[in-house]
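> One-letter residues, chain by chain:
Protein chains: 2
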Amino acid sequence: MQTEEEILKIKKVKNTAVRTVVLRHLLAQEKAQSLKDIENALAYTDRSSIFRTLKTFEENKVIHSIEDGSGMTKYAVCAEGCNCEPKDLHYHFYCTNCSKTFCLVDLPIPHIKLPENFKLHQANMVVKGLCDKCNK
Amino acid sequence: MQTEEEILKIKKVKNTAVRTVVLRHLLAQEKAQSLKDIENALAYTDRSSIFRTLKTFEENKVIHSIEDGSGMTKYAVCAEGCNCEPKDLHYHFYCTNCSKTFCLVDLPIPHIKLPENFKLHQANMVVKGLCDKCNK
DNA sequence: TAATGTTTGCAATCGAGTTGCGCTAATACC
DNA sequence: GGTATTAGCGCAACTCGATTGCAAACATTA
Numbered sequence: 018m019q020t021e022e023e024i025l026k027i028k029k030v031k032n033t034a035v036r037t038v039v040l041r042h043l044l045a046q047e048k049a050q051s052l053k054d055i056e057n058a059l060a061y062t063d064r065s066s067i068f069r070t071l072k073t074f075e076e077n078k079v080i081h082s083i084e085d086g087s088g089m090t091k092y093a094v095c096a097e098g099c100n101c102e103p104k105d106l107h108y109h110f111y112c113t114n115c116s117k118t119f120c121l122v123d124l125p126i127p128h129i130k131l132p133e134n135f136k137l138h139q140a141n142m143v144v145k146g147l148c149d150k151c152n153k
Numbered sequence: 018m019q020t021e022e023e024i025l026k027i028k029k030v031k032n033t034a035v036r037t038v039v040l041r042h043l044l045a046q047e048k049a050q051s052l053k054d055i056e057n058a059l060a061y062t063d064r065s066s067i068f069r070t071l072k073t074f075e076e077n078k079v080i081h082s083i084e085d086g087s088g089m090t091k092y093a094v095c096a097e098g099c100n101c102e103p104k105d106l107h108y109h110f111y112c113t114n115c116s117k118t119f120c121l122v123d124l125p126i127p128h129i130k131l132p133e134n135f136k137l138h139q140a141n142m143v144v145k146g147l148c149d150k151c152n153k
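For the record, the sequence lines run as chains A and B. Residue numbers for the first sequence follow the numbering used here, so the first one is 18 and each next one is one higher. Residue numbers for the second sequence follow the numbering used here, so the first one is 18 and each next one is one higher.
Because the hints were derived from the structure by calculation, they are not lab data. Fair warning: there could be bad hints in the mix.
Any copy, or any two copies together, can satisfy a pair, since identical chains are not distinguished.
[Claimed, not checked] As a list, the in silico DSS-like pairs of lysine-lysine whose alpha-carbon atoms are at most 27 Å apart:
| hint | residue 1 | residue 2 |
| --- | --- | --- |
| 1 | LYS145 | LYS31 |
| 2 | LYS150 | LYS136 |
| 3 | LYS153 | LYS31 |
| 4 | LYS150 | LYS31 |
| 5 | LYS117 | LYS104 |
| 6 | LYS48 | LYS31 |
| 7 | LYS153 | LYS29 |
| 8 | LYS28 | LYS145 |
| 9 | LYS29 | LYS150 |
| 10 | LYS153 | LYS136 |
| 11 | LYS150 | LYS130 |
| 12 | LYS28 | LYS153 |
| 13 | LYS104 | LYS53 |
| 14 | LYS150 | LYS104 |
| 15 | LYS130 | LYS145 |
| 16 | LYS145 | LYS78 |
| 17 | LYS145 | LYS26 |
| 18 | LYS78 | LYS28 |
| 19 | LYS28 | LYS104 |
| 20 | LYS117 | LYS48 |
| 21 | LYS72 | LYS29 |
| 22 | LYS130 | LYS31 |
| 23 | LYS117 | LYS130 |
| 24 | LYS72 | LYS31 |
| 25 | LYS130 | LYS153 |
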């Protein structure tokens, strides 16, 4: 397990107080977090600072973002060695009851045969339903 | 090809002027449409009326919605016989250049093995890149 | 026809995301 | 060390898609 400092160093992102606490929070969660989730967890850090931190992290592939259809973009730390290329992508599961988003990292996305001359760059795969806790 | 009236009858949605023009517009497009797209196309129909019409259509499975990550939900008419169940789902392609969303209806979603006790209800699969027109 | 329910248009509101700006901290340069 | 330059931060304001309250118009039923 890498520390926040190690991750930032590897991804060539300068370390700051805000970046450390945001990344620490993301590492501590097992579910992808929205801007609001992070804002609530870090009471003394401004929303726009968190927002810009997330942008920086995403540009430098520290984290990846997920559009789960909840209306809020969620963020999760990339796995070690991830370059956010199609081959690094995985499915996400969004629980429609508890609104949590799970990274299904063990479920790689199969090869997708696109129509002629289409070029694949990215993918956002979200399956929705009930998670184990809500499926009672 | 079914007419608007036939579709609404089958899906048990009462026909009205707004519903007819919205559905006609959606049927005439080959790309999924956003609320704004529809609003622009139907100059004399109020946005909130279109919005509520889309909600009604979605509830009654006349259309399905797609979150393509553009920030605007897009809508497309369901194929005949579609019940918006997992087996009816398909991938969508979002062109990051022209912002158009394509339904890849010929590309069914493979069976997804979820973790223990997770229940699949829906899926929102969007691959992103360049469409044939923009991939030059 | 009267009563009731549904649909529509307008205006206002909500909320996630984003930006401008001034201050402060860090870094580079002399 | 001292000063100039750059980067990061916090606050407040703003954007824009989505949503709602309300009253008028329309449709349905008794």
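> Out of the numbered hints, which ones does the structure contradict?
1, 3, 4, 7, 9, 12, 13, 17 and 22
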